[in-house]
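S.K.: One letter stands for each residue in the lines below.
There are 2 protein chains.
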Amino acid sequence: MAWINDNFLKLSAGYLFPEIARRVNVFCNSNPELAKRVIRCGIGDVTEPLPEVAVTALREGVEDLASRERFQGYGPPTGHDFVRAAIAQSMFRERGVDIADGEIFLSDGSKPDASHFLELLGSGNVIAVPDPVYPVYVDTNVMAGNTGAMVNGRYQGLVYLDATAENGFVPQPPSQPVDVAYLCSPNNPTGSAMNRAALTHWVNWALSNDALILFDAAYEAFVRESDMPRSIFEIPGAKKCAVEFRSFSKNGGFTGLRCGFTVVPKELTGRARDGKRVPFHDLWSRRWSTCSNGVSWPVQKAVAALCTPQGQKQMTALCDFYLANAAILRNAIAAQGLQVWGGQNAPYVWLKCPTGLSSWDAVDLLLREAQLVTTPGAGFGNCGEGFLRVSAFNSRANVQEAGRRLAFLTTSASKR
Amino acid sequence: MAWINDNFLKLSAGYLFPEIARRVNVFCNSNPELAKRVIRCGIGDVTEPLPEVAVTALREGVEDLASRERFQGYGPPTGHDFVRAAIAQSMFRERGVDIADGEIFLSDGSKPDASHFLELLGSGNVIAVPDPVYPVYVDTNVMAGNTGAMVNGRYQGLVYLDATAENGFVPQPPSQPVDVAYLCSPNNPTGSAMNRAALTHWVNWALSNDALILFDAAYEAFVRESDMPRSIFEIPGAKKCAVEFRSFSKNGGFTGLRCGFTVVPKELTGRARDGKRVPFHDLWSRRWSTCSNGVSWPVQKAVAALCTPQGQKQMTALCDFYLANAAILRNAIAAQGLQVWGGQNAPYVWLKCPTGLSSWDAVDLLLREAQLVTTPGAGFGNCGEGFLRVSAFNSRANVQEAGRRLAFLTTSASKR
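From first to last, the protein sequence lines are chains A and B.
Taking my numbering, the leading residue of the first sequence gets 171, the next gets one more, and so forth.
Taking my numbering, the leading residue of the second sequence gets 171, the next gets one more, and so forth.
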């Protein structure tokens, strides 16, 4: 008889975003006349068309596949060489970060990458996650058997690193022994970004403790302050203690196209049971050649186009657009007298709900009264309770209207 | 300190196809004047342009992403509803097989699906694989910790089911207790296809033993004999004991586009440690919503186009082209006086090497003397030793030339 992976049964609830989608659907079905008014600032999904360079490359990629002479079949599982080279050159070496072409591993997104990387880790690792946290880090560790049961909103066996208003939503390294730690900067969900000193502190902690940092830099393109690293590999020593997950979803608007990459430095090693050091680069290469056939050809061509000088300008312009949205949301929230964080080097704005209003109450209130979809801070962890994430990914007109509707948070709450 | 997954260290060698690619590269670099002559009948990679319906849909999909009004971002992680419906309707219900839209899970290929499905299985399952076998089934189980060490070409803990000339390369169900069994029909690498009686025998075995069949039907579109099922779900009871992996790589020529799907029936269950039955459908849904953001939008549109009547005709024509190639290869091999199998309901031709010639010897000989790339039977398992797989995926002219060059197998071998 086939035994299932019992770890799945520890998962406490559905994945956060399908749950929000479910509530929105219930509302829309019960209130069809209001359904048209709904503005979605919940998930971080882009709304603007692709950059022109990407469209041109996609068109060419499709025509390649329509032609016997130019046809492309299976590519290398870790990405075509010219794409890996374009990424390493434009996103790292031109910014003074020494990353080799072969340290770039293309994939269909940073969410799958963060999930699949756990396949390389053995059992018995103590894992640390920030709180609040992108739920993927936690849920994939639950599935992989790296946790115990959930008790009071936290999985036993995981080390939670509190990110609070007091520490500017930048968690400190753990005081207890930890083998693997997740970091995300600029942060999802809080919109905070780590400066060079904070990230250096983390890298030094990892080097001293022989720990591995899984660094999620999916939002690096939104960094506008020079003191904030866009890659952990800007920090000396990071190549010995970190991998970095990157995405084209936000900078290139590729949420519907699917492409990201992971940087695995050749000198990064883990420990086998016999004490030998084993390069993660070898393990990740083997994992990819065995389990995947790589990324869609037209999409790879589009990625290479984003890496050209013209493509980089268009990515910057796209991010600037969403950052301007974020500024509108920040101002609207501050005008309500509510505390607000993020949105300056990140596309997410993080606000404190009016006193007495829980995260999910606030989400439900904004949906019911204002037809505005947001994400509950509590959905990202216990420390997120009482906060709300508002995504700046939307059209300018919708964001301006969302800014007005956020007023319901204080006007409705004061009427209770 | 971060512990690695020691199971990776059990993997005996590089993944088969990169090893062949390495040998071809070495040959080409050492013999640049012969490099141009190389004909690749090694990996099963398509060479013909995409069907017209797919090209049209891809073009539209790209223009959608260039437009704010038609833009598509994140889709449902398991595929857009209209695509799941198109597949379930055209590939199952119209052929009399009762599969619901929601039982279709889109992915970036059947190789990743076969790999990821192991995440749903707990430890302690006894796994059976055919021999010879598509190496992905074995290697992913090694990585997942479902095997012991390799001894004499076989991993301890796995149950190997011999496929030989005597049983027509269709393995029988195991006589010992097994929890999970892989089947692939039409078969990679042997090109054999199971008839209705043989597959019914397997389904009945699984039902009697509460076992799970992981059925790889990536090559179903090549079946031309009416007695051979194109889906395991044509067999009564299969929905209680099987999942099916499907691919658009060969029927639609999508090797470079990346799309496949897995059918997980709602009534299929496994057993938890507490004895409860748990639907795999729930586990697979949870896995997908947590670990992925689905398949590229233009590719999903192209899949829906393949499912139209016109698309189905174009897929059939594409498969017919490769089947005609396979017939040419079969005839050329038989003309040499060599035994040959497959190539009639499958795009692979399987031949017995001349006496005394090992699989790898034959591969090296054909590369060196004839610049023809093939795949060693021994690369698929101990029972494949002495056999060779020749892929029919190539242009007509190349296949005709490959047929002539296969003569080196007997002429060179006889000179030794």
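It is possible that part of the hints are untrue.
Remember, identical chains collapse to one label, so a pair may be satisfied in a single copy or spanning two.
Derived DSS-like pairs: lysine-lysine, alpha-carbon spacing no greater than 27 Å straight-line [said to hold, decoys possible]:
hint : residue 1 : residue 2
1    : Lys180    : Lys410
2    : Lys206    : Lys180
3    : Lys522    : Lys446
4    : Lys446    : Lys410
5    : Lys180    : Lys446
6    : Lys180    : Lys522
7    : Lys206    : Lys446
8    : Lys483    : Lys522
9    : Lys483    : Lys180
10   : Lys522    : Lys436
11   : Lys483    : Lys446
Read the hints as simulated data drawn from the structure, not as lab findings.
Quick caveat, the model's predicted, so the values are computed rather than measured.
S.K.: State for each hint whether it applies.
M.R.: Hints, verified against the model:
1. For the homomeric pair lysine 180 and lysine 410, the shortest alpha-carbon distance between copies (25 Å) is at most 27 Å, but the shortest distance inside one copy (33 Å) is not.
2. For a Cα distance limit of 27 Å, the shortest separation of lysine 206 from lysine 180 qualifies neither inside one copy, at 37 Å, nor across copies, at 57 Å.
3. When the C-alpha separation of lysine 522 and lysine 446 is checked against a cutoff of 27 Å, the pair qualifies neither within a copy, at 48 Å, nor between copies, at 43 Å.
4. For a Cα distance limit of 27 Å, the shortest separation of lysine 446 from lysine 410 inside one copy, 16 Å, qualifies, whereas the shortest one across copies, 45 Å, does not.
5. Taking the closest pair of Cα atoms, lysine 180 and lysine 446 come within 27 Å of each other only across two copies (14 Å); inside a single copy the shortest separation is 33 Å, beyond that limit.
6. Taking identical chains as interchangeable, the C-alpha atoms of lysine 180 and lysine 522 are never at most 27 Å apart, the minima being 30 Å within one chain and 51 Å between chains.
7. Taking identical chains as interchangeable, the C-alpha atoms of lysine 206 and lysine 446 are never at most 27 Å apart, the minima being 60 Å within one chain and 43 Å between chains.
8. In this homomeric assembly, lysine 483 and lysine 522 never come within 27 Å of each other (Cα to Cα): the closest approach is 35 Å inside a single copy and 58 Å across copies.
9. In this assembly of identical chains, the alpha carbons of lysine 483 and lysine 180 never lie at most 27 Å apart, being 45 Å within a copy and 47 Å across copies at closest.
10. Taking the shortest alpha-carbon separations for lysine 522 and lysine 436, neither the intra-copy value of 42 Å nor the inter-copy value of 42 Å comes in at or below 27 Å.
11. When the C-alpha separation of lysine 483 and lysine 446 is checked against a cutoff of 27 Å, the pair qualifies neither within a copy, at 45 Å, nor between copies, at 56 Å.
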